[in-house]
Amino acid sequence: MGELMRWWRRERRALLLLPIALIAIAVGAGSRVEEYWWARGFHEKAAVEGGWAQIVDEYDDSHLKYPIRAEFKVDSIRPVEVVPGAIDNPVVATGGQLWEATLKWKADPDVALVGCNIALFDRDGVQYNADGDGWDSEDYSFSDKCLPDATVGPRPELGSTAKPKVAEGDDPRPRSWEKTVLVVMKAGVVPTSVRVWYFLPRYAELPVDAGESAAG
Amino acid sequence: MRPAASRFGAGALVVAALAVGQVLNERLPESDNASRPFETYVKMGETAELRAGDLTPRSVEGAMKLIRESSNIDAAGVAVVVHFDFVSGPKARSMTYAQFRGGDGTTAHFGSFGERSVLACPAAPPGLVVHCTAVFDIDPDSLVGSTLMVAPNSLDERFDGAATIDLGIEQSDVKRWKATNELEVVETAVDGLEWVN
Amino acid sequence: MILFMAGGALWRNHVLPFVVGRSLRQIILAAGALLLLASGLFGGLERAEPDKLKTVKVGQTIDTGPFDLTVTKVGWAKQLGEEFRESEIGRYVVVYATVTSTEENTVDGFVIREALRIRGLDDFAVNVGTDDLVASEKADMNVVAVSDEARIDYLNPGLTYNVEYVWEQSAAKPLPNSIELTFYGHGFRQSNIDEQENWFDRFELATGSFPVTELEP
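Protein chains in written order, with this note's numbering: chain V, 15 to 230; chain X, 10 to 206; chain R, 56 to 272.
These aren't lab readings, by the way, just hints derived from the structure by calculation.
Just so we're clear, the structure is a prediction, and the values are computed from it rather than from any experiment.
We put the CB at the ideal spot given by N, CA and C, even for glycine.
Possibly wrong hints are sitting among the right ones.
To be verified - Among the chain X residues that face chain V by a calculated CB cut under 10 angstroms, a handful are:
no.	residue
1	G18
2	L22
3	V24
4	L27
5	G98
6	P99
7	K100
8	P134
9	G136
10	D200
11	G201
What the hints assert, rightly or not - For lysine to aspartate or glutamate, the following EDC-like pairs were computed, each having C-alpha atoms within a straight-line distance of at most 20 angstroms:
no.	chain 1	residue 1	chain 2	residue 2
12	X	K187	X	D150
13	X	K100	V	D74
14	X	K74	R	D187
15	X	K74	R	D195
16	X	K187	R	E138
17	X	K74	R	E192
18	X	K74	R	D208
19	V	K200	X	D63
20	X	K74	R	D186
21	X	K100	V	E219
22	V	K87	V	E219
23	X	K100	V	D145
24	V	K120	V	D71
25	V	K200	X	E58
26	X	K100	V	D71
27	V	K200	X	D94
28	V	K200	X	D200
29	V	K179	V	D74
30	V	K87	V	D122
31	X	K74	X	D200
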């Protein structure tokens, strides 16, 4: 008994350090967690103020770096059969339903905002991207999912480290605008949220109340 | 303990630790083996439930020449076409990597960017059916007893499930295909659409 | 001169006394270690490859490692089949060959493309269809099957293809009556970057001079 007590006392400093060492090992060996899990999923949700989701992100390829700041809210999200003005005859894949999502946007005209992603999610967490999959049309041209068609504002020049700027001849982007995207979801499911993101793990999410719009 | 004995003890401990490390290193799966995809074995008409979605092999056919919208190919061996359906799970995924494992032990791989051997299985919204095809030019002697593994990602497959399709090819099929001059192939489509972007 | 004297002083005052102070056993061990280190730069104590390249003739089969390669004809044309429309920079230079897999697994298309280069000519398109001109050794080509003109992106086990290696070249200068081809072999190993194994190590295997004819349109 005395022996054991003595061992205890003699080794107490090492015993205290042991859990710390184990944590250090776990952290050190966990570098893949960031690359394969954290940076690949939706983990950092943006704040929402007065119904407006606050997108705060940054483009950084270690040569060029610029901030991304914008706000959006949901204007309407509804199932559609025809989309006047945008497309004449959308052909939707068997078992799919076309949805039209219109978001209202606010951003400083000097901020570069090209290249966003939008997806609708159903209540099971299934992700339906707004990137043109699942339907066809002959006369629809894809544009940036979050920006006005003609005035996208500043954009980076490919391969250049110069600050993003408005293309020559383009008007500046307005301070606020609306943009509609089309999404094919499986027939019978209803969107419960919309997510917008530039670079994961950061994303912005707003709930969608499509229950009544689906009915109407 | 006398210093010499304690030093001997420490040395023995180091040697023992090294030996244990060596044994562990030998017993743990090879990194090739540890990073292989999780394969689900599936027969024609059955469905493999993968993490990426549900994959259902439908049919396999062959001929000496394939007529396709993109380009025609003349087989050096025999041109084989595997049809399967894919339905994405929680988000849109495409199948981009295929590995043929011949009954004679040979293997052949191909991806979505080939011309003569190609896997066409683009992404569609979750829940919708994509009719996919795998086309490959292969030695007819390797076909009996062969399987085809289909996976979402060619570069980093270790995190995903792959379907290993039992092609169920018999000698009589091979003989028939060798005598079939031409076969028209509709490469791929999302069900209900003419073509996918 | 100063360096040399400084070197002499160093030798006399430091190196020599140090060496003399060692036992024979230590000196032999050190010399052995130095030899091993130095030989590592040249591939260790392995036997070095002979420098002399084989000479190849038309119809002669070369074992490149992953596959057998036989050049059967060399020619040129302004346009070639359906796939290669009239050349905007001049002409296509075509090497007809058969490739036969000697492997149990697929050989990727890049290995087949890397197995052959034209030697010592100028004004070749860096890729077919571009007008960026480089030396022939640096020019990439397309490899398609003769019968269907579809790309050879993979060579599967047990198969033989009749292929065309197709380069594009400016017509500013006429082609010589014969061109020199270099054949390359490949060694199989694991990548330094990731764990994939492939035919990475390319080495010169053989050369040959082949007569060039104008191809029938």
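For each hint, the structure was consulted:
1. G18: With a minimum Cβ separation of about 17 angstroms from chain V (threshold 10 angstroms), the hint on X:G18 is violated.
2. L22: violated, 16 angstroms
3. V24: violated, 23 angstroms
4. L27: violated, 19 angstroms
5. G98: holds, 8 angstroms
6. P99: Holds. Min distance 5 angstroms.
7. K100: Interface hint status for X:K100: holds (4 angstroms vs cutoff 10 angstroms).
8. P134: Given a least distance of 4 angstroms, the restraint on X:P134 holds.
9. G136: holds, 3 angstroms
10. D200: holds, 4 angstroms
11. G201: holds, 3 angstroms
12. X:K187 x X:D150: Between X:K187 and X:D150 the Cα gap is close to 11 angstroms, so the pair holds against 20 angstroms.
13. X:K100 x V:D74: With a Cα-Cα distance of about 27 angstroms, the restraint between X:K100 and V:D74 is violated, given a limit of 20 angstroms.
14. X:K74 x R:D187: violated, 36 angstroms
15. X:K74 x R:D195: violated, 29 angstroms
16. X:K187 x R:E138: Outside the cut-off at roughly 27 angstroms; violated.
17. X:K74 x R:E192: Violated, at roughly 35 angstroms.
18. X:K74 x R:D208: Answer holds: X:K74 to R:D208 is near 17 angstroms, not above 20 angstroms.
19. V:K200 x X:D63: holds, 15 angstroms
20. X:K74 x R:D186: Given that 20 angstroms is the threshold and the Cα spacing comes to 35 angstroms, the pair is violated.
21. X:K100 x V:E219: The hint holds at about 17 angstroms.
22. V:K87 x V:E219: OK: V:K87 and V:E219 at ~9 angstroms, within 20 angstroms.
23. X:K100 x V:D145: Between X:K100 and V:D145 the Cα gap is close to 12 angstroms, so the pair holds against 20 angstroms.
24. V:K120 x V:D71: Given pair V:K120, V:D71 holds - Cα atoms ~15 angstroms apart, limit 20 angstroms.
25. V:K200 x X:E58: At roughly 18 angstroms apart (the allowed maximum being 20 angstroms), X:E58 and V:K200 satisfy the hint.
26. X:K100 x V:D71: violated, 23 angstroms
27. V:K200 x X:D94: holds, 16 angstroms
28. V:K200 x X:D200: holds, 13 angstroms
29. V:K179 x V:D74: Holds, because 16 angstroms separates the two Cα atoms, which is no more than 20 angstroms.
30. V:K87 x V:D122: holds, 16 angstroms
31. X:K74 x X:D200: violated, 26 angstroms
Checked against the numbered hints above, the structure breaks hints 1, 2, 3, 4, 13, 14, 15, 16, 17, 20, 26, 31 and satisfies the rest.
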